[in-house]
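Peer 1: Listed below are the residues making up each chain.
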Amino acid sequence: MSEKSFRQAINEALREEMRRDPDVFLIGEDIAGGTGGDGEEDAWGGVMGVTKGLLGEFGASRVIDTPISETAYIGAAAGAAVTGMRPVAELMFCDFAGVCFDQIMNQTAKLRYMLGGQAKVPLVIRMQCGGGFNAAAQHSQTLHGLFTHIPGLKVVMPSNPYEAKGLLIESIRDDDPVMFMEHKFMYDDKGEVPDESYAIPLGEAYYSRDGEDITICALGRMVNLCNQAADDLAQENIGCTVIDLRSTSPLDEESICESVEETGRLVVVDEGYPRCGFAADIAALAAVRAQPALRAPVKLVTPPHTTIPFAPTLEELYIPSVDRIKQGIKETLAA
Amino acid sequence: MAGKIQAIVMPKLGLSMTEGMVAKWHVEEGAKVAPGDMIAEIETSKITNELQAHGAGVIRGSLAEEGVDLPVGGLLCVLADEASSEGEIEAFIAAFKPLDSDRIEVAEAEEASDDARRPQRKDDKARPNPSGQQPPPDDSRIPATPSARRAAARAGINLAEVTPTGTRGRVTREDVEKAAAAAQSAAAPPAQSAATALSGEAYEEVPLTSMRQTIAKRLTASKQAAPHFRLVAEANVDRMLDLRSDLDRGMEDGKISINDLLVKAAAAALMQVPAVNIQFDGSAMRRYAAAHVAVAVALEEGLLTPVIRNANHKSVMEISSEIKELSRRAKLGSLQLDELEGGTFTVSNLGMFGIKAFDAIINPPQAAILAVGATEQRLIPSAGGKRAATIITATLSCDHRVVDGATGARFMQAFKALVEHPYQLLI
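Taken in order, these protein sequences are the chains called A and B. Per my numbering, the very first residue in the first sequence carries number 371; after that it's consecutive. Per my numbering, the very first residue in the second sequence carries number 21; after that it's consecutive.
What the hints contain is simulated information worked out from the structure, not anything from laboratory work. It is possible that part of the hints are untrue.
Unchecked claim - A few chain A residues that face chain B, going by a derived Cβ cut-off under 7 Å, partial list only: (1) 372; (2) 577; (3) 624; (4) 628; (5) 629.
To be verified - Here are the in silico distance ranges between beta carbons for each label pair: (6) 232(B) / 607(A): 46 to 52 Å; (7) 201(B) / 506(A): 56 to 62 Å; (8) 519(A) / 183(B): 32 to 38 Å.
Using N, Cα and C, we set each Cβ at its ideal position, and we do this for glycine too.
Next comes chain A alone, as it looks inside the complex:
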């Protein structure tokens, strides 16, 4: 066990799975090179440096740089998966799903069903998500809600380096397509990560804080903000259970409902768009399955339903903050 960054944890997961299984390969834009073609290879390892060093160990046949066409290489990865390979494609920003959405929504997600289970699509699409970088409307979105809406896709969002390694290994071993969403704010976050290989099952939530007064559900980077809020409120003798859902599809409904039944109060924190989104989905779940236990209306802490602003001051207001989460918790406790 040693301290590693989120970036290193993902790199380690890819390396271990590529060593374990020769069918695993990487494909994407700039995941090997990226400096402009003067003969220098393995310069960047992707736009965030996540795949750095893998070209040297596994060679260009397993770390494949592609032209700038998501349509082409996500389609190629889906096809390779159907033939039995286990590709890990890097989509760079989840916003770019827009240019390959037919490959994701109509091909990848549907082939197993349309071929009557005779084919499977063990494809992982890694991508960055999240705002806070002043990267404007087309490079800051968190689109897990969009992917979760589509049956046939699994959607995973790790909250720290430990989770990132275990969940990515499980995603690569999974026989269904997995949208693996990495918050771009977190690549330098550090945490304890075991050196050995381990997998965290999909669809099993983790209580990252444990308290008896209120339940808070979140994913990815929002889990850390919720943990901070919970730690602050613990000083005021408010006990929060923070549920890190790890994946939205499959969703650990049991763990959410069990906690809501215990606390009677629920706050959902999410960075995605609110309409028809993850937070609304969890609120609906609580209303359908745990309504008798609820002692206050469910609180949703999300951005407003609008495009992410470029102006730094507005973007800061847009993304849920520790203060907004604490306020939401207190309002729910007072209701």
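Following the hints, complete the assembly by docking chain B onto the known chain A.
Peer 2: Okay, now just chain B, sitting in the frame of chain A:
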């Protein structure tokens, strides 16, 4: 020294047995046993059998807990000589792999390897345990919801001992609460639990036997899954009563009952309407060439349905003596699992209690059951006015998923004809 240590495992008492429990240990840890000594009583959902020692030695290692289901081949205890050290025993137990490799066990092995991938979090810590009980042994690799894990820690329950009902075999909090309640009622003496009655009424809490649990589970499933419909028919049994007294004449022992003749008639009717002589598992229908007729036998603590195999090929005498033998052994609890399985049809008779007619619940995977009431004297219209007749009422319950009304009706028609012309049963 490993050669002198051997595992005593959950025996396979019937072809389809996949798990069983120790109902009662007859030895303690450290007891010396000789070949043939009774070690324990093994109970499955259907029967209780003795487990005997196959070799001589000393019972070592901890004994499997009474009342807990174990897979066939699962470790019950260890038989070793006195020279084996504790360390050797422990190493043997640690290295032990279940012996039987049937399907269920393969699935379990897969689950175990899944668990091996389940890491323990460094910061995994349950809430403090206010009851101050001993923490349970390490169960961190048992799949469970976080809330269930916490509840188990509080109640001092090992997750490995909880029956999981959650998604992908996870233990939920409700499962833990049930296990905790069961542990509590098992621990509390009956008098004490009677005293806890809310209304102040005295009652005795009786934990369900494995047989009772199976009855509850299977009949609930049957009533929920199988759309039952009933066909009621009356039959004149005067000639059958005549036949019986003819057959009984001169017989030293083991008189023939009307029920024996009715079972034979049902088997013969099944041959005439084979569409009722089936098993159905929810997806495929199995049509049988021979009629394997199960007979309901009431016991103190439940009921069993031993099967008369190939009843259509057997004589009335053979059926009669077989029913007597199976009922006798059912009451002794010495039926083999194989004698309880494979039925294609059931006959249940409550006539001896004076019940006129009743509805029976189908015993899956069968698709029909015949409920027979008492014989009664009636006046029926006849050419010269009225005459006395002896009538029985029989009710056929059918699973409409696989048996249609007309099919069931044809069976009842054939059955009634055979009952009213019983000499055909002797051919």
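Peer 1: Now, for every hint given, state plainly whether the structure supports it.
Peer 2: Here's how the hints hold up against the structure:
1. Checking residue 372(A) against chain B by beta carbon gives a least distance of about 12 Å; that is not within 7 Å, so the hint is violated.
2. Evaluation of the residue 577(A) hint against chain B yields a held restraint, the C-beta minimum of about 4 Å falling below 7 Å.
3. Annotation: residue 624(A) was flagged as interfacial toward chain B, and the flag holds, the nearest CB pair being 5 Å apart, inside 7 Å.
4. Because the smallest distance between the Cβ of residue 628(A) and any Cβ of chain B comes to about 4 Å, under 7 Å, the interface hint for this residue holds.
5. Interface restraint check: residue 629(A) against chain B, minimum CB-CB distance 6 Å, threshold 7 Å, status holds.
6. Range check, residue 232(B) to residue 607(A): Cβ separation about 48 Å, and the 46 to 52 Å hint holds.
7. Look at residue 201(B) against residue 506(A): about 57 Å separates their beta carbons, and that is inside 56 to 62 Å.
8. With their beta carbons about 35 Å apart, residue 519(A) and residue 183(B) fall inside the hinted range of 32 to 38 Å.
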